[in-house]
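Visitor: In case you want the letters, here they are:
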Amino acid sequence: MKKQLMTILTVVMALVMIFTLAACEKKPDPNGSEPVVPDKTDPAPSKQDPPPVGDKTIHVYTRDSASGTREGFEAVIGFKGELTEKANEVSSNGTMAQQVGQDVNGIGYVSLVTNFAENNLKPLSYEGVEATEANVINGTYTLKRPFCFTTRAADDYKSEEQKQIVAAFLAYMTDSKEGREVVVAAGGITDVEGGKPWNEIKKNHPIVDQDNSALTIVCGGSTSVEKCVKAALESFQGIAGNVQFKLDQTGSGDGWARVLGDEKDGPNASDIGFASRKFKEDKEPVGTAMRSEAFCQDAIVAVVHKDNPLSNVTKDDLYKIFTGATATWDEVGK
Amino acid sequence: MTRIRKIKDTVMQSFTWIASGISAWVLVAILVFIFSNGWKLLDRSVLFGDYHAKNIVSGFSDEHDVNATFTPPEPLEDDEVISTRFGFAVRDEIDKEKNHVHTLTWVDDHSPLRNGKITTAGPTQGKPAPFKAGMNINKLIFIDSSGEEITVGRLKQQSPQEWIPILERDARQITEFHGKEPGGGMRGSLVATLMLIGLSLLFSVPIGIFAAIYLYAIAKQNRLTMFVRSSIELLAGVPSIIFSMMGITLIFPIIQLFGASGQSIILGSLTMAVLLLPVLIRQTEEALRSVPSSYAQASLALGATQTETLFRVVLPSARNGIFSACLLAVSRIIGESAALIFTMGTAIQDSPSVGSGATSLAVQIYVLMGGENPNFELASAISIVILILVLALNLTVKVVSALSDKKGKA
Amino acid sequence: MGNTNENYMASEAKFAKIRKRRRGTDVLFRNLFRIAGVIAAMMVILIIIFVTSRGVRPFLGSAEERVDLKYFLTGSRWRADQGIYGLGFVIINTLIVSVTGGLLALPLAILSAVLITRIAKGKLSIFLTTIVETLAAIPSVVYGVFAAGKITILVRDLANLFGISTYGGNSSLAVILLLAIMTYPTMTTLAVSGIRAVPKELDSASLALGATPTQTSFKVIVPAARSSIATGFTLGLGRAFGEATAVSMIAGNALAGPSWNPFDITRTLTSTMLTGLHETSGIDYEIRFSVGVVLMIVIVSMNLLVHAAKRRLEKKGGAVS
Amino acid sequence: MSASKLKKIMNRAGGTKKETMASTSHSSEISQRDHIAFALEDVNLFYGDFQALRDITFDLPAHQVTAFIGPSGCGKSTLLRCFNRMNDLIDNCRIEGAIYRNGVNINSDSVDVVDLRTHVGMVFQQPNPFPKSIYDNVAYGLVCQGVRSKKVLDEAVASSLKKAALWDEVKDHLRRDATQLSGGQQQRLCIARAIALQPDVILMDEPTSALDPIATARIEDLITQLKEEYTIVIVTHSMSQAARISDKTAFFLLGDLIEFGPTDDIFQNPRDTRTEDYITGKFG
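For the protein sequence lines, the chains are C, D, B and R, in the order given.
Be aware that the first sequence starts at 1, since it is given in my numbering, and climbs by one per residue.
Be aware that the second sequence starts at 1001, since it is given in my numbering, and climbs by one per residue.
Be aware that the third sequence starts at 2001, since it is given in my numbering, and climbs by one per residue.
Be aware that the fourth sequence starts at 3001, since it is given in my numbering, and climbs by one per residue.
Among these hints, one or two may not hold up.
These stretches of chain D come out as covered by chain R in the derived footprint (C-beta under 8 angstroms, 3 or more residues) [stated by the list, open to error]: (1) 1288-1295; (2) 1304-1317.
In silico negatives: residues of chain R with every beta carbon more than 12 angstroms from chain D [unchecked claim]: (3) His-3119; (4) Arg-3148; (5) Glu-3155; (6) Asp-3172; (7) Leu-3226.
It should be emphasised that the hints constitute simulated quantities derived from the structure, not laboratory data.
Just so you know, even glycine gets a beta-carbon here, dropped at the ideal spot from N, CA and C.
Excised from the complex, chain C in its bound form (with noise of 0.2 angstroms):
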């Protein structure tokens, strides 16, 4: 008797379980062709969350404090410091995107390379303008950072050639038509059509021309600039010798600190900095490095969960929110 009624114990939990799991499983995949996460892109919440739910209290999401993405927008802004109690602190672009997708009262910011689809996430246009690369370029966009970069100072190389390679790569980045058509593709933004060819900027380095392979361009500092500069370097192995990079790409912060500040000799020397922002003239002093520039911009978006009906906000807008005067989703734009 005892075991008859184990085994139909066992078989209504084994039931129960296939079912939730199934569950789980069925939910469609709107978006078919692409690899997508079934969570993030369900479309679960979409159709059950009345879009934004509850007391639609609005939830800001904002960056770590070592986060350049942070800094520019604070700066654009106008906040520094009246951050409000409320924020969700997340460590990098990534989970940013990941949960304000996933939180219809969310408002966060991200880099604009961030593919807002995929991660559920609407892009507020900015006093009417919509966040665009011509828009930025243009100057109409001014919710912007620079992505900049400086190095180690000129005598500080472990070698001549590391520091050839260093300025070779710099000068591809930065001056050459292929550099910036590179850093373009990756979602940077600046004028390709204004650089000049590769060809030409080539003969003032000819260390590109020798197999490089025992050398490695180390890069460190912000973490949003690191698609661009991966693709960069991607591209630049090619022409160079297949020169060797690693990039440990931490926070803006980092960037200076590991070429010219206390940790150039440190567990984390680097030989390119990279950060978010411009570099901060009293902090961060760049005038002993060989080289230290912006290379492209960036626009940080400001973005809600794709339900959310916003599609524009003010620089005032995001002021009130991000300090924590405007409460609720209704309050906006009043």
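We have chain C already, so just place chains D, B and R on it with the hints.
Guide: This is chains D, B and R only, laid out in the frame that chain C set:
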């Protein structure tokens, strides 16, 4: 038996079933989640491919037949665009890293593309460039009939539907081809993980086993032993993220004396070695204690020294247990992330070396999840690999202990 | 005879040499064993010394850079952007999520252990054990991927049912569920071995007195194994407190607290150590070691507390029997 | 090299410096060896605060079988383990008094216990062959001593197994795992393993208590054969066994040596009433 008692019993029993059912459900949910996300991505190129795309730049010196036409061997799919003059087809795709790429889906054996020679300086310079389906085209440079150089391709923000017709119409001679072997693989992390396993075990196994022997055979019942024991217990309770910090503050300065310069596999291994000590010591001591003390007594009574007894009789008898301890240590290494993030860094390397930073599989997952666009699929694919490895190790441990049990009984 | 004598002399010398070598090897290895033991024991002390020495730096710096220790330990705001480092609420949050997670897992673990050891037989028992072991073997980063993709969604939908809006499911509750899942295998394993170690006589005695097997399991066997169960609870809690990667993916990192609402975002000690772990210099970096020191103190005091509770329990048990 | 030569070498090799010096008076050594294997003087043994042996004094005769009898916990096994200092392995064990072997107190610090144990072999209650081959089990002691020559080892293994009356049963599968043997065979293997080192004394701690009557009889036969060559001390619970095989018997009770003398005397004519009570089964 009264009725109430019976009901009570049944209720309590069903609670136990429910509890275990929940755990089983969670396990299945995890497996289903990981597999459904990662399985379709998991192929040879993920397992053994490079993480960083490998760019190939090739030049073309030979004139090619201007009037040649090629036909694809079988009907191509709708989204593939064909260049009949140059004998290749391209499709616009999203790669593992979620970038748009133009992937070659077909290259004819006699396509002029096959005459390309690598122009990148180095040992492969001048060798024929490999062209095969699956490669990405970044851009093509050709000379048109007026002798002008024209660049087309993805880097020019053109879709295949745009640039292939231009190529077909204007090109007289292709001069340069920029392609890449797609990245997104885990081979580098796999190699780094293997290095990490080897080095960590190299450092920790001798110390772990010796310390276990000390506790088993040498240590007397006194305060020192009590202290050693409780210290090791305490060490087992230290969270792995603290080990990470220890790696930086304690071990880094030491290996710096030997010329190490930064986050590196060696630093990660030493950190892991310390982390593994309590696991190894505990398991090894248990294995030693399971050896009948009569073996040791017999050996001693035969005039063997303690060391001889340990090495000739006790350790060989405990070898299955010690082997299991090492396997458990390996599975711990494979799964560890927090202790390595600070010590080995978060830069994914394709050809890791002991003296420089790299990521283990687990850390690669962490990096992928925190990157510009979180890459659930690739992370899940790597998770599958980790899970399979870890479960295989655990299974081996079980088999080994079952075997030694059998042997012990016989 | 003379010949034999010669041989004998040579052998004497040879064996004396071997004896000496054997004794030397023995002494050498005994010392090596001892050194290995001492090294292993020293590591924990070295960790404490080195991490602490780094962790106190933020409190000793120059006046403008110095962090106020009192506020650090009791404060309710963690604003790295404003230079405000108050860890008090983080400690409370950590305690809440870890202990709740542990308490959630404990009954499940005990019930599963009873099923595995006393109800299920043969293959089924092995199968259930395998499930528990597999759960224990899954690396925390995989749990993290799962939690970020599944548990948060679950919590979000649950909250929506009540009409509560969440930060996409990132919440104390999500962390609690995750930690319950992660601590469950540890506790179950210990409970199983504890129950297995209970002498058979107790079982027989109880059955002979007319108790049902189920009554015996819950009234006699489980209480008799409470010491192991308590150890498992401690170990599980240790894992909960120390879990970093997975928790930081779903904690949400609140800037102020403590967060009492289970659907609110939270911040734990480990997630604090990992967020923006990016920086590798400056006070934001150094303070992480201070957080690490606090984490160690929390774990050790929690251990002591459970230990004391266990002792009291044992005393009580002793008085009864 | 013949087995006897090996024995000589091993004997010499086994001696400590002190022993060698003590043996300068050649004739006295021989005479002592012929008569007394161990001379005990006021041996007291403590486990922590508990006294397990009290003022044990007697001379243990050489080339005879001496049986230790007494109820459980009387200290007979403990005393046995004093002869090869196996009590060293117990953490809080302390021994007072002297046990002289060849004129040297084996409890003194200068005595090399490893050496002592090559001269004083031991066989345990439970047959405890190593999980190795039969050959490796027997050769183990010699290999530890540093004997590497295959020929010497082969000879020693063969002669030891022959002496232990096991040779005929195992000579064709010396490479087989020793744990596959039957209990009685295992015990004889353990005896062979001890004999291989050419000891003077073999200590046996209830060697037949785990065996069936047939295996027991074989071991008893073996013991009677072996006493020609070796001094044998046996702890036993079986009164009849003691009566059958031993020349001398010592009766212990609660850590005291009650009576020691020729076996016949002890069994037929005990001087102490407690001995009589034990032998006649009034307690135990």
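Visitor: Hint by hint, note whether the structure agrees.
Guide: To see whether the hints hold, each was checked on the structure:
Beta-carbon proximity to chain R at under 8 angstroms applies to 3 residues in the segment 1288-1295 of chain D; the threshold of 3 is reached and the given coverage holds. Counting residues of the segment 1304-1317 of chain D whose beta carbon lies closer than 8 angstroms to any beta carbon of chain R gives 7, which reaches the threshold of three, so the coverage claim holds. The non-interface label for His-3119 of chain R is inconsistent with chain D: the shortest C-beta to C-beta separation is roughly 8 angstroms, within 12 angstroms. Taking the minimum C-beta to C-beta distance to chain D, about 14 angstroms, the non-interface status of Arg-3148 of chain R holds against the 12 angstroms cut.
A cut-off of 12 angstroms between C-beta atoms confirms that Glu-3155 of chain R is not in contact with chain D; the least separation is 18 angstroms. No beta-carbon of chain D is positioned within 12 angstroms of the beta-carbon of Asp-3172 of chain R; the least distance is around 21 angstroms. Separation of Leu-3226 of chain R from chain D is adequate, the least Cβ-Cβ distance of about 17 angstroms exceeding the 12 angstroms criterion.
Hint check: a violation occurs at hint 3 only; the rest are consistent with the structure.
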